[in-house]
Amino acid sequence: MISPAGSWSVSEASSLAIKAARGVGMPWGIAEEAGFALRWLTQSGAPGVTALCRYLSAYQDALKISGADRPPETARDWICPLRLGTAISDGGIALPLKQPNVREPLLLLPFLANHATDSHSVVLEMGAIRIIISTNVFSANMVETALLVSKAECNIVFGPANRHGIKQIGERVDSTASECMATLTRFAHKTYAPATEASRLAGAGAGLNDND
Amino acid sequence: MEEQSIQTEHSNVVPLRPASEVMRLARMGSLHQSRLSFMRVLLRRLKVNGWVFDRPVWRINGKGVGVATYRASGPERSYTLVAFAHDLPDDLRSDRVIAEAWDATFTLHDGDINEADIERLGSNVPNQEAGRITEAELTLSRANKSVRLFDYVATCLAAGTQPDVAKIEPVGYLMRTTAVYGSGKFGAADRDLWADRPEFVGSFQPELLSVWLIRAFTIDMVEHMARMRAPKTAIRLDPAIRRRIGVGNSTGLGMAPFLINHPALIHSWIKSRETALARVRSVKQASQRELDLFIELVQRALINAEDWHVEHTYQARKIAGLRDDLKTTVEYLSSADLSGDHVWDKIYRWAEETLSIEGQEQLVSLLLELYPRLVDDLAANMAADEAHQFRIDGTMKISALRAILKEAYNWTNDIDYESRSAQARVWYVSEEKLEPRLGERFEEPIADYEQPLAPGRDARLAISDLGAFAASDTIASFLMEHPEHRHIVRRAQLVSHCPYSEIRDNTIAAEMLPIDLLRCKLSFFGATKFDPRSDRWLRITMFQGAPFPDELSDLDPDDLVYPPLPDSEAP
Chain R
1 MISPAGSWSV
11 SEASSLAIKA
21 ARGVGMPWGI
31 AEEAGFALRW
41 LTQSGAPGVT
51 ALCRYLSAYQ
61 DALKISGADR
71 PPETARDWIC
81 PLRLGTAISD
91 GGIALPLKQP
101 NVREPLLLLP
111 FLANHATDSH
121 SVVLEMGAIR
131 IIISTNVFSA
141 NMVETALLVS
151 KAECNIVFGP
161 ANRHGIKQIG
171 ERVDSTASEC
181 MATLTRFAHK
191 TYAPATEASR
201 LAGAGAGLND
211 ND
Chain C
1001 MEEQSIQTEH
1011 SNVVPLRPAS
1021 EVMRLARMGS
1031 LHQSRLSFMR
1041 VLLRRLKVNG
1051 WVFDRPVWRI
1061 NGKGVGVATY
1071 RASGPERSYT
1081 LVAFAHDLPD
1091 DLRSDRVIAE
1101 AWDATFTLHD
1111 GDINEADIER
1121 LGSNVPNQEA
1131 GRITEAELTL
1141 SRANKSVRLF
1151 DYVATCLAAG
1161 TQPDVAKIEP
1171 VGYLMRTTAV
1181 YGSGKFGAAD
1191 RDLWADRPEF
1201 VGSFQPELLS
1211 VWLIRAFTID
1221 MVEHMARMRA
1231 PKTAIRLDPA
1241 IRRRIGVGNS
1251 TGLGMAPFLI
1261 NHPALIHSWI
1271 KSRETALARV
1281 RSVKQASQRE
1291 LDLFIELVQR
1301 ALINAEDWHV
1311 EHTYQARKIA
1321 GLRDDLKTTV
1331 EYLSSADLSG
1341 DHVWDKIYRW
1351 AEETLSIEGQ
1361 EQLVSLLLEL
1371 YPRLVDDLAA
1381 NMAADEAHQF
1391 RIDGTMKISA
1401 LRAILKEAYN
1411 WTNDIDYESR
1421 SAQARVWYVS
1431 EEKLEPRLGE
1441 RFEEPIADYE
1451 QPLAPGRDAR
1461 LAISDLGAFA
1471 ASDTIASFLM
1481 EHPEHRHIVR
1491 RAQLVSHCPY
1501 SEIRDNTIAA
1511 EMLPIDLLRC
1521 KLSFFGATKF
1531 DPRSDRWLRI
1541 TMFQGAPFPD
1551 ELSDLDPDDL
1561 VYPPLPDSEA
1571 P
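First to last, the sequence lines map onto chains R and C. If you count the first sequence from 1, position 195 lands on 195 in the numbering used here, and the numbers rise without skipping. If you count the second sequence from 1, position 522 lands on 1522 in the numbering used here, and the numbers rise without skipping.
There's no promise every hint is true.
Unchecked claim - Straight-line distance between alpha carbons at most 27 Å, and here's what the computed BS3-like set of lysine-lysine pairs gives: (1) R/K190 <-> C/K1185; (2) R/K151 <-> R/K64; (3) C/K1346 <-> C/K1327; (4) C/K1433 <-> R/K190; (5) C/K1521 <-> C/K1185; (6) C/K1327 <-> C/K1167.
Stated by the list, open to error - So, partial list: chain R residues that the calculated Cβ filter (under 10 Å) puts toward chain C: (7) S11; (8) S14; (9) W40; (10) T86; (11) A87; (12) D90; (13) G92; (14) I93; (15) E171; (16) R172; (17) Y192; (18) A193.
Said to hold, decoys possible - Derived DEER-like restraints, expressed as beta-carbon distance ranges: (19) C/K1397 <-> R/T117: 19 to 29 Å; (20) R/A94 <-> C/K1406: 23 to 33 Å; (21) R/D61 <-> C/S1073: 52 to 62 Å; (22) C/P1198 <-> R/N136: 18 to 28 Å; (23) R/A94 <-> C/H1497: 21 to 31 Å; (24) R/D61 <-> C/P1198: 41 to 51 Å.
Note that these hints are calculated values from the structure, not bench results. Here a beta-carbon is modelled for each residue, glycine too, at the ideal position from N, C-alpha and C.
Could you build all of it, start to finish, from the sequences and the hints given here?
What follows is the structure, encoded as C-alpha cells:
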C-alpha cells in the first residue's frame, strides 16, 4: 500500500530520527539526541530532516569504506555534529571554540541553543555564513537551504541577545522531505530483527485464538 | 528527593509510599482503576463543562458497511469521530498488529467535518498504518467484533427481546479496539498542537474520547443490524443493559515498553496517585456517612471481583485472593474499632499487613473514591513536558552520579547480571510490521537488535565504567569517553528528582511478566476486567458501566464504575 503524499508530524519524524541514528550504529543516548536535534530544527523552520539524512548517509558510507569496525568519528577529519554538539551542551567542550572538519554543522544548532540565554546568544560562523542562535530559534544571513553545508570550520562565539523570532510549535515536516524520510526509514529498518516463525508466535505471545 | 509528604487541611502528615515499594512489577501489575484514571477524568470533565453529542452522519447499509460520524461539542471546540464500518470475513479477523483488515476503523477529526474530508479519510483510515492522516486528525484506531456477543445481541433485539445480562457480562463488549494511536502517529496532529486545550489536560484524553464515542457506535451498529434483519419487531437496547456494555481492547507487548520509554510521564501518574492516597490517609476525622459509603464500596468491589473471570492461572489466583481480601475487609470494617482519628490510615496499615498486593491496591483505589475534593485536582498534574526534562546536566560531578545510581538502582545489588536468567530476555522490534517483541537472548539471534529497556543492567554497566573516573570529574567528561552510557545517565538524572520514573525490577529477567507492565498502564487508563491471554498480551474492558453520550448529563459517571448492590435501585 502506497501512502498518499502528505506531511509528517514532528514527533513522527523525531522518533524516526532516533531509530535511524541507532540503525547506522550510534549509541542509543546519542540517537536520542538526533531526535531532539531534528525536533528543534523542524520547529525552528530549518531543514532538520535533510541535514540529518545527509549526515547519516555519509556516516553509513564512511562505515562501509572503513570496514565497519571503526565509527567514522574516530577519524581525525571527521567531527560528528551530534558528538560535538552533546559535548558542548554538556559542558565537556567549552565555548568559544574554533573547530575544523565539522560535518553537517546545521545539526549543531540545537545544542548551541542550550548555551544561549536571555542575555546572550551563541553565534556560529562558517566562512561567510553567520547564524545567531537564541534559546528557541535562530536567524541567519543566508536562506535556509544554503545552511546545508557538508563540512566546515566552525567558529563558535557568544554574541548579544537575539531578540528575533518566537518559537514556532507544530511545524510539520512537509512532503518535500519525502526522499529523506524514506532514507531515514531505511536506516531505521536496521534496528528491526528479521522475523522468524518462532518469534512471530512466541515473541508476541500469540497462539491463543483471537476470536471470541 | 522531591516532596515526600503532603499536608492536607487536616493536621496529620502521612508520607508518600516510597518508589522502592510502589515501583515493583508485582505491585504495578496489581493496580486498579481509580478516580484519577483518564477515562473517569474525561467523563467528569465532559459532564461538568456541558458537552453535547450528536450523530450528524449515518450512512450504513443493510450489510453493516458504510460511514458514520459522532460529534462532541464543548464550550470552545468540537471534535468528530469518523467511523468506517466494514464487512470483514471471519478468517481475516485478528487482533494482532500484523492484521490488515478490521470490522471497523476510526479517526478523531479536529472540529466539524465536511464531505471532502470524509472522502479523504475514507481512502486512508480503513488502511490504518498503511494510510495517512493529517494535523486535522488526533487519533487513528480500529476495532473487531466479539462475533459471538454481537450476533447474540442483534438476534435478541431483532426478535424484540432484550439480551440476558448474564450473557453480556463475561464478554463485556460488542467490539474491542486493537490499537488506538495518537500524538502525531501516522501523520496525526502533534501533541504540542492540542496539549494546552483545557479539554485535554492530563494524558490520553483524545484517545479515550475516541474510545468512548466508539462505544456508542458499537451499540448503534448492533441496533441497526437488528433493525435491518427485522424492521417490524426490532427494539432498542434497554439503557440499563446497554450500560453493561463497554469497549473491549486487546493489548499486546507494544504497550509494555511505553512505561520505560516515558519515565517523566510515569512519574507524574504514579506521584499523583500516591499523593492522593497520602492525602486520604492524612484525613483526621472520617464521618459515619463516609465510613458507611466505604463499606458499601468494598461490597460493590466484591461484586465486581466476583464477575471477573479469567482463564490465565496467574491472574485467576490473584482474583481468588482479591475476593478473599474483600470479604476479610468487610468483616474487619464491621468488627474493628473505627472510632479514633486517622481511620483511613489505620485501615490502610491493616490492609498492608493483612491483604495480598492485589487487595491492597484495590483498597487504595476505593479510598480515593471517598474524597473527590482531595483527589480530583491531582488529575491536572498527570502529564509531563518530556522535552523539558531531556537535557543532561553535564556539570554534575561523578560523585553525585554514583550516589544517584547507588540509591535508585540499589535493587540491582542482589542481581547477578552475569547469570543467564538475569538477562534471559531481549526487547526488540520485529521487521514484520514493526511489532515490539520479547525474545530469548541465548536462543535467538536478536541481541544486536536490543531496545534500551533494561535500566537496571545499564546502571550496573555505568557504575562499573565510572570506576576509572575521579569523584570530582564531571559527567560531561565521562560521556565524551563513554557515549554508550548517555541513555542511562539521562534516566539517572531524571530519577534523582522523579523517584517514580524508574521501575525497580529487572525488565529482562527470565521470570519477568510483561502483563504486569500492561496492567499498570491500563489501570491508569481506567480499564477493568484485566484478562491475560498469555504472559504477554491481555484483554480488558473500557467504559463498562459508564453513561453513554445521550445520558451523560443525567447520570454521575463516577458512581457507575462499580456494580450497584443488589438491593439498591438501578439508576
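Verification of the hints:
1. Our distance criterion of 27 Å between C-alpha atoms is met by R/K190 and C/K1185, whose separation comes to about 21 Å.
2. Annotation: proposed proximity of R/K151 to R/K64 holds, straight-line Cα distance about 19 Å (limit 27 Å).
3. Straight-line distance between C-alpha atoms of C/K1346 and C/K1327 comes to about 18 Å, which keeps the hinted pair within the 27 Å bound.
4. Distance hint between C/K1433 and R/K190 is fulfilled; the C-alpha atoms sit about 14 Å from each other, no more than 27 Å.
5. For the proposed pair C/K1521 and C/K1185, the alpha carbon gap of about 19 Å is at most 27 Å, so the pair holds.
6. Using a Cα cut-off of 27 Å, the hinted pair C/K1327 and C/K1167 holds, with the two alpha carbons roughly 26 Å apart.
7. For R/S11, the interface hint holds, the least distance from its beta-carbon to any beta-carbon of chain C being 4 Å, beneath 10 Å.
8. At about 9 Å, the closest approach between the beta carbon of R/S14 and any beta carbon in chain C falls short of 10 Å, and the interface hint on this residue holds.
9. At a threshold of 10 Å, the smallest CB-CB gap from R/W40 to chain C is about 9 Å, leaving the interface hint in force.
10. A hinted interface residue such as R/T86 counts as satisfied when its beta carbon comes closer than 10 Å to some beta carbon of chain C; here the least separation is about 7 Å, so the hint holds.
11. A hinted interface residue such as R/A87 counts as satisfied when its beta carbon comes closer than 10 Å to some beta carbon of chain C; here the least separation is about 5 Å, so the hint holds.
12. Look at R/D90: its Cβ gets to within about 3 Å of chain C, closer than 10 Å, so that hint holds up.
13. Hint status for R/G92 relative to chain C: holds, with the closest Cβ pair at about 3 Å, below 10 Å.
14. With a least beta-carbon distance of about 8 Å to chain C, the hint placing R/I93 at the interface is held under the 10 Å criterion.
15. At about 9 Å, the closest approach between the beta carbon of R/E171 and any beta carbon in chain C falls short of 10 Å, and the interface hint on this residue holds.
16. Because the closest C-beta pair between R/R172 and chain C is about 6 Å apart, less than 10 Å, the hint holds.
17. A hinted interface residue such as R/Y192 counts as satisfied when its beta carbon comes closer than 10 Å to some beta carbon of chain C; here the least separation is about 4 Å, so the hint holds.
18. Evaluation of the R/A193 hint against chain C yields a held restraint, the C-beta minimum of about 4 Å falling below 10 Å.
19. Checking the proposed 19 to 29 Å range against C/K1397 and R/T117 shows it holds: the Cβ atoms sit about 23 Å from each other.
20. Taking the beta carbon of each, R/A94 and C/K1406 are about 30 Å apart, inside 23 to 33 Å as hinted.
21. As the Cβ distance of R/D61 to C/S1073 is approximately 54 Å, the hint placing it in 52 to 62 Å holds.
22. At roughly 25 Å, the beta carbons of C/P1198 and R/N136 sit within the given window of 18 to 28 Å.
23. For the hinted restraint 21 to 31 Å between R/A94 and C/H1497, the CB-CB distance of approximately 26 Å keeps it satisfied.
24. Roughly 50 Å separates the CB atoms of R/D61 and C/P1198, a value that falls within the hinted 41 to 51 Å.
Violated hints: none; the structure is consistent with every hint.
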